[in-house]
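Protein sequences, first through last, are from chains A, B and C. One point on numbering: in numbering that gives the first Met the number 0, the residue at position 127 of the first sequence is 126, and numbering is uninterrupted. One point on numbering: in numbering that gives the first Met the number 0, the residue at position 286 of the second sequence is 285, and numbering is uninterrupted. One point on numbering: in numbering that gives the first Met the number 0, the residue at position 10 of the third sequence is 9, and numbering is uninterrupted.
Don't take each hint at face value.
[Claimed, not checked] The calculated lysine-lysine pairs, modelled on DSSO-like cross-linking and capped at a C-alpha distance of 27 Å, are:
(1) A:Lys-158 - C:Lys-36
(2) C:Lys-76 - B:Lys-143
(3) C:Lys-151 - A:Lys-158
[To be verified] DEER-style ranges, computed between Cβ atoms:
(4) A:Gly-240 - C:Gly-79: 32 to 38 Å
(5) A:Tyr-267 - C:Gly-211: 51 to 57 Å
(6) B:His-213 - A:Glu-68: 37 to 43 Å
(7) A:Arg-398 - B:Glu-345: 23 to 29 Å
(8) C:Arg-78 - A:Glu-68: 50 to 56 Å
Think of the hints as simulated: they come from the structure by calculation, not from any bench. Don't be surprised by glycine CBs; every beta carbon is placed ideally from N, CA and C.
The primary structure of each chain is shown beneath.
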Amino acid sequence: MLLSLSWRSLWRHRRRTLLTASSIGLSLALTVFFVALSDGFYGNLVQGVVRLEAGNLSVERPDYHDAPEAGLVVDGVPALRARLAAIPGVVGTKALVLADGVASGSSGGAAVRIVGVEPAVERAISPIARKLVAGAYLGAAGGRDVIVGAALARRLSLKVGARLVLTTGAASGDLAEQLFRVGGIFRTGSEELDGHLVQVPIDAARALLGLRPEQATRVGVLLADGHPEAAARAAVAAVAGAGLAVRTWQEVLPDLAAFIRVDTASNYGLDTMLLLLAGFTIFNTLLMSVLERRREFGVMMALGTTPRRVQAQVLVESALLAILACALGLLVGGGAAVLGGWLGIDVRSFASSGLDVGGFAIDPILRPHLSAALALGLTTTVLVAVVLMALVPIRSIPRIQPTEAMR
Amino acid sequence: MLTLRIALRNLRRNGRRTTVTATAVTAATALLVISLCLMDGMHAGTVHNATAMVAGEVEVHAAGYRASPRIHRTVAAADRILARAHQAGLDAVTRSYGDGLLALGTHTVGARFWGIDPAAERRAFELARHVARGAFLDAPGDGKAVPVVLGARLARSLHAEVGSEVAAIVQGDQGSMGSGLLRVTGILQAVSTEVDLGAAILRRADFDVLFGAHAAVNEIALTSHGRLPADAVAAAVQEVAGGAEVLTWRGLSPGLAEMLGVFSAFTWMAGVIFLASAALGVTNTMLMATFERFREFGVILALGGGPRRVLLDVATEALVLGVAGGVAGALLGLGGAAWLSVHGIELGGHELLLSGVAFDSVWRARVTAEAVVLPALAMGVICALASLYPAARAARLDPVVAMAQR
Amino acid sequence: MNGTWLIAALALAAPPARAAVDPQAVLAAIDDLYQGKTSQGIMEMEVVTPDWSRTMRLRLWSRGRDVFLVRVEAPAKDRGVSTLRNGSEIWNYLPNIDRTVRIPPAMLASAWMGSDLTNDDLVKLSRLSRDYVGQLTPGAPPGELEITALPKPDAAVVWTRIVARVRQGGLLPEEVRYYGDDGALARTVTFSDVRPLGGRHVPAVLTVVPAGKPGHRTVLRYLTLELDRPLPDARFSLHALRNP
Numbered sequence: 000m001l002l003s004l005s006w007r008s009l010w011r012h013r014r015r016t017l018l019t020a021s022s023i024g025l026s027l028a029l030t031v032f033f034v035a036l037s038d039g040f041y042g043n044l045v046q047g048v049v050r051l052e053a054g055n056l057s058v059e060r061p062d063y064h065d066a067p068e069a070g071l072v073v074d075g076v077p078a079l080r081a082r083l084a085a086i087p088g089v090v091g092t093k094a095l096v097l098a099d100g101v102a103s104g105s106s107g108g109a110a111v112r113i114v115g116v117e118p119a120v121e122r123a124i125s126p127i128a129r130k131l132v133a134g135a136y137l138g139a140a141g142g143r144d145v146i147v148g149a150a151l152a153r154r155l156s157l158k159v160g161a162r163l164v165l166t167t168g169a170a171s172g173d174l175a176e177q178l179f180r181v182g183g184i185f186r187t188g189s190e191e192l193d194g195h196l197v198q199v200p201i202d203a204a205r206a207l208l209g210l211r212p213e214q215a216t217r218v219g220v221l222l223a224d225g226h227p228e229a230a231a232r233a234a235v236a237a238v239a240g241a242g243l244a245v246r247t248w249q250e251v252l253p254d255l256a257a258f259i260r261v262d263t264a265s266n267y268g269l270d271t272m273l274l275l276l277a278g279f280t281i282f283n284t285l286l287m288s289v290l291e292r293r294r295e296f297g298v299m300m301a302l303g304t305t306p307r308r309v310q311a312q313v314l315v316e317s318a319l320l321a322i323l324a325c326a327l328g329l330l331v332g333g334g335a336a337v338l339g340g341w342l343g344i345d346v347r348s349f350a351s352s353g354l355d356v357g358g359f360a361i362d363p364i365l366r367p368h369l370s371a372a373l374a375l376g377l378t379t380t381v382l383v384a385v386v387l388m389a390l391v392p393i394r395s396i397p398r399i400q401p402t403e404a405m406r
Numbered sequence: 000m001l002t003l004r005i006a007l008r009n010l011r012r013n014g015r016r017t018t019v020t021a022t023a024v025t026a027a028t029a030l031l032v033i034s035l036c037l038m039d040g041m042h043a044g045t046v047h048n049a050t051a052m053v054a055g056e057v058e059v060h061a062a063g064y065r066a067s068p069r070i071h072r073t074v075a076a077a078d079r080i081l082a083r084a085h086q087a088g089l090d091a092v093t094r095s096y097g098d099g100l101l102a103l104g105t106h107t108v109g110a111r112f113w114g115i116d117p118a119a120e121r122r123a124f125e126l127a128r129h130v131a132r133g134a135f136l137d138a139p140g141d142g143k144a145v146p147v148v149l150g151a152r153l154a155r156s157l158h159a160e161v162g163s164e165v166a167a168i169v170q171g172d173q174g175s176m177g178s179g180l181l182r183v184t185g186i187l188q189a190v191s192t193e194v195d196l197g198a199a200i201l202r203r204a205d206f207d208v209l210f211g212a213h214a215a216v217n218e219i220a221l222t223s224h225g226r227l228p229a230d231a232v233a234a235a236v237q238e239v240a241g242g243a244e245v246l247t248w249r250g251l252s253p254g255l256a257e258m259l260g261v262f263s264a265f266t267w268m269a270g271v272i273f274l275a276s277a278a279l280g281v282t283n284t285m286l287m288a289t290f291e292r293f294r295e296f297g298v299i300l301a302l303g304g305g306p307r308r309v310l311l312d313v314a315t316e317a318l319v320l321g322v323a324g325g326v327a328g329a330l331l332g333l334g335g336a337a338w339l340s341v342h343g344i345e346l347g348g349h350e351l352l353l354s355g356v357a358f359d360s361v362w363r364a365r366v367t368a369e370a371v372v373l374p375a376l377a378m379g380v381i382c383a384l385a386s387l388y389p390a391a392r393a394a395r396l397d398p399v400v401a402m403a404q405r
Numbered sequence: 000m001n002g003t004w005l006i007a008a009l010a011l012a013a014p015p016a017r018a019a020v021d022p023q024a025v026l027a028a029i030d031d032l033y034q035g036k037t038s039q040g041i042m043e044m045e046v047v048t049p050d051w052s053r054t055m056r057l058r059l060w061s062r063g064r065d066v067f068l069v070r071v072e073a074p075a076k077d078r079g080v081s082t083l084r085n086g087s088e089i090w091n092y093l094p095n096i097d098r099t100v101r102i103p104p105a106m107l108a109s110a111w112m113g114s115d116l117t118n119d120d121l122v123k124l125s126r127l128s129r130d131y132v133g134q135l136t137p138g139a140p141p142g143e144l145e146i147t148a149l150p151k152p153d154a155a156v157v158w159t160r161i162v163a164r165v166r167q168g169g170l171l172p173e174e175v176r177y178y179g180d181d182g183a184l185a186r187t188v189t190f191s192d193v194r195p196l197g198g199r200h201v202p203a204v205l206t207v208v209p210a211g212k213p214g215h216r217t218v219l220r221y222l223t224l225e226l227d228r229p230l231p232d233a234r235f236s237l238h239a240l241r242n243p
């Protein structure tokens, strides 16, 4: 009864309803789009980096972090990986062999970071595999092709097919060197990666360092999107045992973690400002719409409707309005975000080529990222806020004098 | 004058409505001012970080030095450039660079040695303030040991602490081999990837002894402390630079400049969204307030006031509201932004490096004339437009119909 | 900077295999030009660049191919600076600060003794006869041999081709050219001033000219050379590195 009365009342004042609805709806739409835009700004970055390096969690020897040496390796990698894969939330594992060394070509040498990777795993997840500018990605795990960055290739005048000798300290402490060939050249836009990273098939890296096939420097654990890292970390630590350390990507990559922390915090700041703006808009519109209806309320009360009843009707009207408006807002804002995410917002006119954060490349195409949780959270906030805000103007309804209102 | 008086009387009579609309304009303007100042502050902070630590707004190197940094590639016109910089009121420092190894115990690490003037460096840049442990080079020493300040990660990989004695082996000016013992007096906290990983900073005189060099100026870094645009700083020294390469920080670190470009793009979009949101608030409040007055307009029309009367009244009221709300909002926003420009928002990041440059994690607003005036103007104009549209419609109505409107 | 030539120059010994024009034997002869069980001698190294040039006098001791000690005798400023290579380890000794410094593998790309040579050159063990397969180049001028050597499939060497010109008869090299990836010349080593040295007749001067770096040149000149005189282990110890 009250519901249908409110519903009819809403449509009797079509213009006012549309204005209020558009205030609420568009405010929500703008907020949803903005939050999606800022989320998308670093969402891709985290994904890419986590996949590029060891994963969300990595298992390594405890002292490797502070004093990396080729001899500090994880043993029994296949068995460990099998046990890790059984942990809930783990979607993949990867083995890495890491070493610092020298890459020499016929026109000189340069200090490089040698990363032994499993080609089959990396091809699917590594951003580097997608950033090739020449050649092809690594083939077999035991192959002798390597992937080098564009800056390194330029410095050493390397082309696809060029001979490259990698020299490094082996696990035994001896100096080891081996011939490789450049199979592909990548460009991520990060000076650190493009100038220093050499990706080598993992078995070839093991052979270079004198490691056994079941050894690796680091075993990475990839978690399902949104899976809590803390819980997984405990489970991984239990599986890894006492002799190994489990590190989160935030520990392995503190620069990036700091950037994301700061960026998230600054986004919260802007989000708060925007929500305040939206709140004021909605509040003012609600206030105004009740204010301008004093005459109507006066008539209603003169005809015998109790003030409480009028208040209830206004509240229900606001709630109905909010539901309508939020549906509209979600549709517009969410639609824009999804569309933007799909097409990408190219800001290359502002940034011509490469950008990096703590050594990791940022895509100069902004892609808003809208998660269902975010959309629902914002919508619920606005819905509740509207009803709460409507409580303020209706407080004055009982004080309306029919005579005054009808002047 | 009469119109204004009528407008004021109208506004007073409808106290509630006036309060609500004025609040809408004021709040929207104030929030917009604060938001724009915060966004501007983020951008300015980034530029400040990029130029105030070490790099300067402009750097001068010998042609070809950046491609192949060799100690003998020096800036020939250094004296003239320094004199010109002094004339133009710019702070300038000269630096020398050379490569070598640092060793402590069984640890040997490659390092880039800097020869600097500690006092000038402290005047012009913030490097000296980023000593995390120990002291900078201008601290009084025992006069015997050669002091050196190390980057954080370099010190860590050497296992060096303040007070450690480290051996330096360098490739000298003419390819000779230089060596020396250095005493670590300070360890820098996050400055930049380059400094953290490899910088061993010496006083110029000590550098010259180690490298067998003679006041080789490999780099001149200039700063106006944000007073001038970087291009103007470059222009000031360009004509006396001879063949030397004069580059602004944008040219020196294109990666960072591009990063800022993306941030600007993001900020610009955010600004548009914020403006739209604020405009929405003012527009809807004004539209609603004016539409609800159709009855009143009908009365004016019926009493023979004529459409122009209605329009004029509404416009004047809106103008008064817009100006009052805009000014109040601008003042309120200015206050908020000024507070945020002093206190800032702690973003909780330490040792943050973007594109290899360390960043201050306190986010401060920056108050600019545009960020204050623009929102007030925009909100005022929007306020007027949003009331004129419904008023114009009302003015064309038959008084009887208008009076029947609810 | 992958310097087979420097190893050849720093190591010394056994008379070159004579007579038969077996390309592999020619490569081995170049490898063994200055090679003995042990060697000691004095060498002058002149580094020329467009911006500066300098000459150093070096004292050398070696045993086999991968153990050697080099000490700078002149100029006075660098006198006593020493480098010891023992297997895969490289150590430097700096007399004026009395410190011994180990050069880690990642530092191998840095320059050695301020020259255009890198530490990498000092430890690289590539040997022409071991890492390459040689073939006679047809149509060499009379009295000369030219060998074109291509790397064996897995040899850890960066050159794609090495061409050695040898004076027929004595099997003494005149010029060795090193080619890089795209088949372009990367550097040329010429051998000159054949004279009695260490009991044999060998070129006393090696000139290294990197291609594409005009004005750069490194000249190595043997002043004395003595082969096969027994040297004790202690000669190549860290103690010996510090104490001439």
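We went through each hint and held it up to the structure:
1. A:Lys-158 - C:Lys-36: violated (41 Å)
2. C:Lys-76 - B:Lys-143: holds (21 Å)
3. C:Lys-151 - A:Lys-158: With a Cα-Cα distance of about 20 Å, the restraint between Lys-151 of chain C and Lys-158 of chain A holds, given a limit of 27 Å.
4. A:Gly-240 - C:Gly-79: 32 to 38 Å: violated (52 Å)
5. A:Tyr-267 - C:Gly-211: 51 to 57 Å: The hint (51 to 57 Å, Cβ to Cβ) holds, given that Tyr-267 of chain A and Gly-211 of chain C are roughly 55 Å apart.
6. B:His-213 - A:Glu-68: 37 to 43 Å: holds (41 Å)
7. A:Arg-398 - B:Glu-345: 23 to 29 Å: violated (45 Å)
8. C:Arg-78 - A:Glu-68: 50 to 56 Å: Hint violated: Cβ distance 36 Å, outside 50 to 56 Å.
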